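Visitor: Those protein sequences? They're chains A and B, same order as listed. All letters in the first sequence, in the order written, are residues 4 to 173 by the numbering used here. All letters in the second sequence, in the order written, are residues 321 to 385 by the numbering used here.
Honestly, the hints are just simulated from the structure, not real lab data. Certain hints may be false.
To be verified - If you want the ones that stay clear, here's a sample from chain A, every Cβ over 12 Å from chain B, calculated:
1) T13
2) C67
3) A89
4) L119
5) D131
6) E163
Unchecked claim - Pairwise CB distance ranges, derived in the manner of DEER restraints:
7) B:P323 <-> A:E110: 29 to 39 Å
8) B:E375 <-> A:F147: 31 to 41 Å
9) B:G355 <-> A:V157: 21 to 31 Å
10) A:E116 <-> B:M321: 15 to 25 Å
As the list claims (entries may be wrong) - Chain B residues, not near chain A, derived (Cβ > 10 Å throughout):
11) M321
12) D326
13) G335
14) A346
15) Q354
16) L357
17) S363
18) E367
19) R371
20) L372
21) E375
22) L376
Note that the structure is a prediction, hence the values are computed from the model and not measured. In this text, a Cβ means the ideal position worked out from N, Cα and C, and glycines have one as well.
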Amino acid sequence: MELVDFVPYTQSLQPVIVATDNPSNINALTDLCGKQVSATEGTTHIDLVNGTGDYFRQGLNAGCAQAGQPPIDVRIFETESHAVTALLDGQVAAYLGNSGFQADFPEQLEFSEATLPPARQGITTALDRPILNTAVEATMAQLFADGTYRAILVQHLPNEQSVQLVSVLE
Amino acid sequence: MPPAADVASELREPGVLTACLSVVGAPATVLDEQGLLVGYNVSFAEEIAERLGLELATREPLSTS
Numbered sequence: 004m005e006l007v008d009f010v011p012y013t014q015s016l017q018p019v020i021v022a023t024d025n026p027s028n029i030n031a032l033t034d035l036c037g038k039q040v041s042a043t044e045g046t047t048h049i050d051l052v053n054g055t056g057d058y059f060r061q062g063l064n065a066g067c068a069q070a071g072q073p074p075i076d077v078r079i080f081e082t083e084s085h086a087v088t089a090l091l092d093g094q095v096a097a098y099l100g101n102s103g104f105q106a107d108f109p110e111q112l113e114f115s116e117a118t119l120p121p122a123r124q125g126i127t128t129a130l131d132r133p134i135l136n137t138a139v140e141a142t143m144a145q146l147f148a149d150g151t152y153r154a155i156l157v158q159h160l161p162n163e164q165s166v167q168l169v170s171v172l173e
Numbered sequence: 321m322p323p324a325a326d327v328a329s330e331l332r333e334p335g336v337l338t339a340c341l342s343v344v345g346a347p348a349t350v351l352d353e354q355g356l357l358v359g360y361n362v363s364f365a366e367e368i369a370e371r372l373g374l375e376l377a378t379r380e381p382l383s384t385s
């Protein structure tokens, strides 16, 4: 069910977050097969595991089945904080979600070698505000066209490689 | 671009673009020493508001609280 309009403007690689020293040896996405992971309700990470939504028939569990391994057991939490806490408490082998949490818990969490497909971030507006959505979309198109979009990324990112990874224009 | 009056009819507050920004960390969105939101998400929101002739008001979304 569509609840919002969406104007994509950045993208990011999504490393799988694990406990420090990677006790469950998550080094590739197939290493998640048969293990419990946490994710937040309503996120694309659940679709990615189960092969639903944007990842219809392309889910990680289909890969597990092809490899003859049990599926990933994704535990769904109401908030990001609860999903991360499940990893911090050792209830799950990995957290699929906001990579910013690794910086919040640098002693307890680390990025594994396993990386999820790039995800796009967007500006969302409620469906009952179609004019506002059109205005935001048109303004972003201006920013893309006149170079302001790239200039903002260059201002905030450490190098050209980072700009190319985050930009939806590259 | 829609006329400003039409955009204004969909605003929660007259003249204000209210944007939810999740504090996901640098360089996207982070709190600086003064407790102000900074990062490229903030810069995009400020630029959009300015080009629409609106003041920007930021909020954190409930889902990350």
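Visitor: So, for every hint listed, does it hold in this structure?
Guide: Results for each hint:
1. T13: Violated: least Cβ distance 7 Å, not greater than 12 Å.
2. C67: holds, 29 Å
3. A89: For A89 (chain A), whose nearest Cβ neighbour in chain B is about 16 Å away, the distance exceeds 12 Å, so it holds.
4. L119: L119 (chain A) clear of chain B: closest Cβ-Cβ about 16 Å, beyond 12 Å.
5. D131: violated, 8 Å
6. E163: holds, 14 Å
7. B:P323 <-> A:E110: 29 to 39 Å: Once the Cβ atoms are compared, 53 Å apart, the range 29 to 39 Å for E110 (chain A) and P323 (chain B) is violated.
8. B:E375 <-> A:F147: 31 to 41 Å: violated, 24 Å
9. B:G355 <-> A:V157: 21 to 31 Å: holds, 26 Å
10. A:E116 <-> B:M321: 15 to 25 Å: Since the Cβ atoms of E116 (chain A) and M321 (chain B) sit about 45 Å apart, the hinted range of 15 to 25 Å is violated.
11. M321: Violated: least Cβ distance 5 Å, not greater than 10 Å.
12. D326: violated, 5 Å
13. G335: G335 (chain B) clear of chain A: closest Cβ-Cβ about 13 Å, beyond 10 Å.
14. A346: Non-interface label fails for A346 (chain B): nearest chain A Cβ at 8 Å, not farther than 10 Å.
15. Q354: For Q354 (chain B), whose nearest Cβ neighbour in chain A is about 18 Å away, the distance exceeds 10 Å, so it holds.
16. L357: Its Cβ never comes within 10 Å of chain A, the nearest being 13 Å, so this holds.
17. S363: Given a closest Cβ separation of 5 Å, the condition is violated.
18. E367: violated, 6 Å
19. R371: Violated, since 5 Å does not exceed 10 Å.
20. L372: The claim breaks: L372 (chain B) does not keep its Cβ more than 10 Å from every Cβ of chain A (closest is about 6 Å).
21. E375: At about 15 Å from chain A, E375 (chain B) clears the 10 Å cut-off, so the statement holds.
22. L376: With a cut-off of 10 Å, L376 (chain B) remains clear of chain A, as the shortest Cβ separation is near 12 Å.
Hint compliance for this structure: hints 1, 5, 7, 8, 10, 11, 12, 14, 17, 18, 19 and 20 are broken, all remaining hints hold.
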